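Novice: Quick note, the sequences are listed as chains R and B, same order. 376 is the number of the first residue of the first sequence in our numbering; add one for each residue after it. 456 is the number of the first residue of the second sequence in our numbering; add one for each residue after it.
Quick caveat, the hints were computed from the structure, so don't treat them as lab data. What you are looking at is a predicted structure, and each value in this text was computed from that prediction instead of being measured. Positions of the beta carbon are idealized from the N, C-alpha and C atoms, including for glycine. Treat the hints with caution; some may be incorrect.
As the list claims (entries may be wrong) - Computed beta-carbon distance windows for the label pairs:
(1) B:E996 x R:D609: 15 to 25 Å
(2) R:S442 x B:L975: 53 to 63 Å
(3) B:M875 x R:D597: 39 to 49 Å
(4) B:V918 x R:S551: 38 to 48 Å
(5) B:I934 x R:H541: 56 to 66 Å
(6) R:D460 x B:I471: 35 to 45 Å
(7) R:K522 x B:I471: 55 to 65 Å
(8) R:R586 x B:A863: 54 to 64 Å
(9) B:L463 x R:G552: 19 to 29 Å
(10) R:A610 x B:F867: 20 to 30 Å
Unchecked claim - Which chain R residues stay away from chain B? Per the calculated CB distances, all over 10 Å, these:
(11) S412
(12) D417
(13) Q469
(14) R477
(15) P498
(16) P509
(17) K524
(18) E532
(19) H545
(20) E583
(21) M589
(22) A611
(23) R614
(24) V628
The primary structure of each chain is shown beneath.
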Amino acid sequence: MTTETPTLDTPPDVSDDRPDTLAMPKPQLTCYALEKSYRKADHEVPVLRGVDLEVREGEFLSIVGQSGSGKSTLLHLMGLLDAPDVGEIRLGDQRIDDLPERTLDELRNHVFGFVFQFYHLLPELSLLENVLSPLMIRLSLLGYWRKRKELREQAREMIAKVGLDHRLSHKPRELSGGEMQRAAIARALVSKPRILLADEPTGNLDGETGREIMDLLADLNDREKLTIVMVTHDAALAREADRTLELVKGRLVGQAAAA
Amino acid sequence: MYKLLLCLRYLRTRYIALACIVSVTLGVATMIVVNSVMAGFSSEMRDRIHGLLADVVLESASIDGHPDPEAHMARIRQVCGDDIEAMTPTVEVYGMLSFQYLGHWITRPVTLIGIDPEGKAKVGPLKEYLDSYREITDGDTVVRQPLRDVGVPAGWTLTPEAVAHREAVKLHELQYYREQDGETGRIDPSTIVEQPGGETRTAEREFDPSEFDTDEPGEENVADDAPTFDEPPFDPSKLFEDEIEEVDPTAPLRGRLFVGSGLVSFPQEDPQTGKVKTIVMVRPGDDVKISTVTSGRPPDTIHFNATVCDVFKSGMSEYDSSLVFCNLEYLQEVRGMLHPETGTRSITTIQIKLKDFKDADEVIAKLREAFPPGMWSIQTWEEKQGPLLAAVEVESAILNVLLFLIIAVAGFGILAIFFMIVVEKTRDIGILKALGASSRGVMSIFLGYGLALGVVGSGAGVVMGLLFVAYINEIEDVITWLTGREVFDQTIYYFPAIPTAVSVGMVLWVSFGAMLIAVLASILPARRAASLHPVEALRFE
Ligand SMILES: Nc1ncnc2c1ncn2[C@@H]1O[C@H](COP(=O)(O)OP(=O)(O)OP(=O)(O)O)[C@@H](O)[C@H]1O
Ligand SMILES: [Mg+2]
Numbered sequence: 376m377t378t379e380t381p382t383l384d385t386p387p388d389v390s391d392d393r394p395d396t397l398a399m400p401k402p403q404l405t406c407y408a409l410e411k412s413y414r415k416a417d418h419e420v421p422v423l424r425g426v427d428l429e430v431r432e433g434e435f436l437s438i439v440g441q442s443g444s445g446k447s448t449l450l451h452l453m454g455l456l457d458a459p460d461v462g463e464i465r466l467g468d469q470r471i472d473d474l475p476e477r478t479l480d481e482l483r484n485h486v487f488g489f490v491f492q493f494y495h496l497l498p499e500l501s502l503l504e505n506v507l508s509p510l511m512i513r514l515s516l517l518g519y520w521r522k523r524k525e526l527r528e529q530a531r532e533m534i535a536k537v538g539l540d541h542r543l544s545h546k547p548r549e550l551s552g553g554e555m556q557r558a559a560i561a562r563a564l565v566s567k568p569r570i571l572l573a574d575e576p577t578g579n580l581d582g583e584t585g586r587e588i589m590d591l592l593a594d595l596n597d598r599e600k601l602t603i604v605m606v607t608h609d610a611a612l613a614r615e616a617d618r619t620l621e622l623v624k625g626r627l628v629g630q631a632a633a634a
Numbered sequence: 456m457y458k459l460l461l462c463l464r465y466l467r468t469r470y471i472a473l474a475c476i477v478s479v480t481l482g483v484a485t486m487i488v489v490n491s492v493m494a495g496f497s498s499e500m501r502d503r504i505h506g507l508l509a510d511v512v513l514e515s516a517s518i519d520g521h522p523d524p525e526a527h528m529a530r531i532r533q534v535c536g537d538d539i540e541a542m543t544p545t546v547e548v549y550g551m552l553s554f555q556y557l558g559h560w561i562t563r564p565v566t567l568i569g570i571d572p573e574g575k576a577k578v579g580p581l582k583e584y585l586d587s588y589r590e591i592t593d594g595d596t597v598v599r600q601p602l603r604d605v606g607v608p609a610g611w612t613l614t615p616e617a618v619a620h621r622e623a624v625k626l627h628e629l630q631y632y633r634e635q636d637g638e639t640g641r642i643d644p645s646t647i648v649e650q651p652g653g654e655t656r657t658a659e660r661e662f663d664p665s666e667f668d669t670d671e672p673g674e675e676n677v678a679d680d681a682p683t684f685d686e687p688p689f690d691p692s693k694l695f696e697d698e699i700e701e702v703d704p705t706a707p708l709r710g711r712l713f714v715g716s717g718l719v720s721f722p723q724e725d726p727q728t729g730k731v732k733t734i735v736m737v738r739p740g741d742d743v744k745i746s747t748v749t750s751g752r753p754p755d756t757i758h759f760n761a762t763v764c765d766v767f768k769s770g771m772s773e774y775d776s777s778l779v780f781c782n783l784e785y786l787q788e789v790r791g792m793l794h795p796e797t798g799t800r801s802i803t804t805i806q807i808k809l810k811d812f813k814d815a816d817e818v819i820a821k822l823r824e825a826f827p828p829g830m831w832s833i834q835t836w837e838e839k840q841g842p843l844l845a846a847v848e849v850e851s852a853i854l855n856v857l858l859f860l861i862i863a864v865a866g867f868g869i870l871a872i873f874f875m876i877v878v879e880k881t882r883d884i885g886i887l888k889a890l891g892a893s894s895r896g897v898m899s900i901f902l903g904y905g906l907a908l909g910v911v912g913s914g915a916g917v918v919m920g921l922l923f924v925a926y927i928n929e930i931e932d933v934i935t936w937l938t939g940r941e942v943f944d945q946t947i948y949y950f951p952a953i954p955t956a957v958s959v960g961m962v963l964w965v966s967f968g969a970m971l972i973a974v975l976a977s978i979l980p981a982r983r984a985a986s987l988h989p990v991e992a993l994r995f996e
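Just chain B, same shape as in the assembly:
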């Protein structure tokens, strides 16, 4: 009984103990805040890394791909259909994206992915990343409302804004060409989009027959011609005439793209205001040029023009600056992935979404059995991005170790302060022993004292940490306002706000850890107190 009483009294009357409590509190609060932010970042990062990757990807070893995706999907379904939520066949191939900006051609290496937007949307997020479905904000102010409702399925159509933009550009170009007719001067830099007619008239015609396929119903043209790019198979002037005479030049081309925002825009700091602006080089409605290789033997380069239908921003710069989505059928046609006779289409990849990602290992094992390893590589998104994920994890583990040192420091503080208190209380310990208190009893006073400090300290720390996490963005605003420097620059981290994730386990772990350290730190002083000789303690001045 006296133990408890003395414990509480010491807690109340020893203000030095407040230092212990404060150090435990700060340690715990820091750990909770940093862990929450780290967890927030890391889960956000995972989401982003996962982002455009499907749970499980079945990839052909060759970019030529394999015919008959339906048969493959049927096989997959047969092997592990119960675990699968959705699948979509795609064609993935390397390529180049070229467009004109301020009169210069910019060419970038890209990964070209032929998708069916609706199918792709079923295996992972897609719409969420497309500009037309998103609201555009600048800081806190909404610059533009979403152009499309989330209910609208993702597709290759242009938004009215993009159509308007396209019309304006085309009209401008037409006007320009009419005025400049006959002259071979450079194109006005302001018209950054190439003009299909104008371009093909000069040099590129033989490389790029598909460029002419701007007429919507011209399917059979490509079906016939695409596999044989090598020879100029038909009279281009005829098509050219078609195009000029019959086709509305403002209609989008048959090749349609979603382009990563990092490929077609760049941030620029305004020297006056210091604000970072995003300069857009290509916007939806513009036409760009894609170069890639056919699936023939040997692979040939092919070029085609395509209309950018949308720009996507997944928040993962690796994807945003390298991926270009293209309409699957068109890509298959231009790459010659259509069988000339049967008309079956080839694909290189099947993206699979699982019902529960926990089953991934099982699914992978089954699929690896079913599909020969030489022909197909089967990976989860985690395996594909293994090093990156590992880096995130290692980072957070290291940070945790470092942070725990903070609490360890608090522990040593407790140790020192407790020794002080034991010395200060030496005579009282002698008195207690003279009154019949056992050594264990005396020891438990100090152990209990340590535990009490730990409990109070970590309790306060948990409250403080959680409050800090809850108001972290407000706190960031205040700090920004106080220091005049942006603490959390949104252009550096794609996040609009500091992401946090509080896990109960983490909070418990941290607070129990802190309590344990407090108790451990009080063991030595407590043992010393217990081993004090009563007479010597009484004589102690």
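Isolated chain R (complex conformation):
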């Protein structure tokens, strides 16, 4: 619906007043003038050259772009896995990219849910344990022990939601790609994040399975009003999102949303 124009020097206070955003929910995650470059030997490789982005509450945003355009990099910055060279990231009104390490860890655990292209489940743990792992990370040994029944129930529910409740004790390598990706989604959601960041969640799956995953994401967005930011290079999949942005030469370029 909106056209996100690259505004390199947008002052970080105007977004709410723009007329076209008035009808929309409040921006939940805002990126201002993000720049990121990688240093290889002597020469710098600029990847992001000033990205401005607003993610609104409950929206399904997709980001497309060519391979190597920096989609993953942007998603990592948004999820606080990496720090931008220039620019800031705000959660609501609070700047979050320059917080101390401990707070960042907590935000990653509480606010963001990550889904990766290669699932990235922990191979030593069973499906249930994988899904439980964000909760385990959150709690101390004692805290976890006290609430273990409740937490397991929570994880089981989440697994049931992605349709894997019959494979609780299987190890990741005993699951198919689609199943692993569902497990990864369950893991990302179990900690009740406010924003789900998905980096090519279907990139490694065949069309049919990818479809299922997309449906699952769309369903979550629909029913639970979960904010989803999905990175993909598949334009067709991107069209299912509320809004699609394209990353070109290190800047975001707006695209017409499908919905």
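Following the hints, complete the assembly by docking chain B with the ligands onto the known chain R.
Specialist: Just chain B with the ligands, lined up with the frame of chain R:
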């Protein structure tokens, strides 16, 4: 929570970690075994070195000694009586032991110690070392039961076996001399014991008047004569007649000895069987010749014959091949340590046993104050054997350092393997961080992993080491049987079995050390894991 879970999972699924555990286990087990055996050896060695030495020894600076031991002992008791359990006065002097073996005279330098066996037994072990109180074994089979009961106090009497042996020898000699009467041929080599009558008849009479004192009640003879050895004071033929006519030649002489086994026996390997046998040259009941000096001025050489009452074996070859115990009164008489008028006896040494050896330093200090240093030297047995004890201690310290290197090697193994695991787990570390795990959390996974390896490894090592120590002699048997070579040769080490001593402190120290090394070795990899950048870790292929 995830830390613990992952730790355990990594432990269970990484078989390479087994290598770490095994190396820690082996290191710990080796250290425990070697330390236990070393401690066993060393305490056995200490016992042996202590063996015939009393806790504290008050030694006269002169071998002439000092008169009136009772006064000295009273003084000692007055100074530190509370710490003292027992005391015995002795006379210590250098001498020579001579005996005939296969027709040849063998003379050896010895330390001659005049003791009262009962008194000596109170200040330290004595009976335990005497042959007649011990069972003689050859390997596992008992060759001879103890001849005397432990309850019987140590004394200068002959066992019935020794008496029988003596009678047989004397009878043989008598017969021999009767047959050879008039001839001056060599003595049959098989009769290895000199015949008092025969010997003194020829050359040695004037050197050795005491040799004749074979009659038991002849006390006054010696009392009168002993201080004046220089001149032949009485008519030897009269004594000689006494001896021949009245005295039973099989009765033991007045000089009685306990001789160190190393002085009168030697090991010999049987060329056929390869077994080592002990050849005994002098046995209880035989007579030997002792030479020493008088306490007069200038000291004169004296010689006397004495009957060997027993052979002792303390297990400390230094003692067994140099000490000869003699009956104190007799030694005092022949050395002229009896005052001609008052009849007081001199002694050179007072051996003291303490109630608690820990008080030794205090006692020594008090005694040194009470007894002038020029006249008396006061030492504990440890001081007397200082260099030897120090050698044992240094040896075990060096061995410990070397052994700890084994565990250090295990530590480096852990370091290498952990680095490998960290590299292998790089992506998982990235995932954990993406899920919100802190750097410290990731680090503690690997530290905990190291600790777990250390705990499991050293636990297994402790069990293995203790089992090995418990069954060390059985294991030795098996190895001997497998290799056909005796691992632990009993003739080399006096011990019948490998001595071991397990100390709880040592086991704790070793296992904590091993755990510490395991944790230390995991610090570097853990820090590396913690410092991994989440994105780079995730991108890691
Ligand atoms: N650690 C790094 N060092 C150097 N260059 C890097 C590093 N990480 C990423 N890049 C470069 O940054 C650029 C963007 O990478 P990124 O992974 O964000 O692209 P992408 O859009 O996600 O591509 P794809 O669609 O293939 O996943 C690429 O050109 C890549 O080579
Ligand atoms: Mg990518």
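Novice: Next, verify each hint and record whether it holds.
Specialist: Verification of the hints:
1. Between E996 of chain B and D609 of chain R, the C-beta spacing of about 23 Å keeps the proposed range 15 to 25 Å intact.
2. Taking the beta carbon of each, S442 of chain R and L975 of chain B are about 45 Å apart, not inside 53 to 63 Å as hinted.
3. The hinted window of 39 to 49 Å between M875 of chain B and D597 of chain R holds, with their beta carbons roughly 46 Å apart.
4. A hinted range of 38 to 48 Å holds for the C-beta pair V918 of chain B and S551 of chain R, which are about 44 Å apart.
5. Checked against the hint of 56 to 66 Å, the C-beta distance between I934 of chain B and H541 of chain R comes to roughly 57 Å, which is consistent with it.
6. Our hint of 35 to 45 Å for D460 of chain R and I471 of chain B holds, since their Cβ atoms are close to 39 Å apart.
7. Between K522 of chain R and I471 of chain B the beta carbon distance is about 35 Å. The supplied range of 55 to 65 Å is therefore violated.
8. For the hinted restraint 54 to 64 Å between R586 of chain R and A863 of chain B, the CB-CB distance of approximately 58 Å keeps it satisfied.
9. Under the hint 19 to 29 Å, the C-beta atoms of L463 of chain B and G552 of chain R, about 28 Å apart, fit the expected range.
10. A beta carbon spacing of about 54 Å between A610 of chain R and F867 of chain B contradicts the range 20 to 30 Å that was offered as a hint.
11. Distance check for S412 of chain R against chain B: the nearest CB is about 14 Å away, which clears 10 Å, and the non-interface claim stands.
12. Non-interface status of D417 of chain R relative to chain B is upheld: no Cβ of that chain comes within 10 Å, the nearest being about 20 Å off.
13. No Cβ of chain B approaches the Cβ of Q469 of chain R within 10 Å, the least distance being about 18 Å, so the stated non-interface status holds.
14. Non-interface call for R477 of chain R relative to chain B: violated, since the shortest CB-CB distance, roughly 6 Å, does not exceed 10 Å.
15. Under the 10 Å C-beta cut-off, the non-interface status given to P498 of chain R relative to chain B is violated; the minimum distance is some 7 Å.
16. The Cβ of P509 of chain R sits about 5 Å from the closest Cβ of chain B, inside the 10 Å cut-off, so the non-interface label is violated.
17. Every CB of chain B is more than 10 Å from the CB of K524 of chain R (nearest about 14 Å), matching its label as outside the interface.
18. Once the 10 Å rule is applied to beta carbons, E532 of chain R is consistent with being away from chain B; the minimum gap is 19 Å.
19. No beta-carbon of chain B comes within 10 Å of the beta-carbon of H545 of chain R; the shortest separation is about 15 Å.
20. Distance check on E583 of chain R: its Cβ is at least 27 Å (rounded) from any Cβ of chain B, clearing the 10 Å threshold; non-interface status holds.
21. Against chain B, the non-interface label of M589 of chain R holds: every CB pair exceeds 10 Å, the least being about 22 Å.
22. No beta-carbon of chain B comes within 10 Å of the beta-carbon of A611 of chain R; the shortest separation is about 26 Å.
23. The claim that R614 of chain R lies off the interface holds: its Cβ sits roughly 28 Å from the closest Cβ of chain B, which is beyond the 10 Å cut-off.
24. Even its closest Cβ contact with chain B, about 24 Å, leaves V628 of chain R beyond 10 Å, as expected for a residue assigned away from the interface.
Taken one by one, the earlier hints fail for this structure at numbers 2, 7, 10, 14, 15, 16, listed in ascending order.
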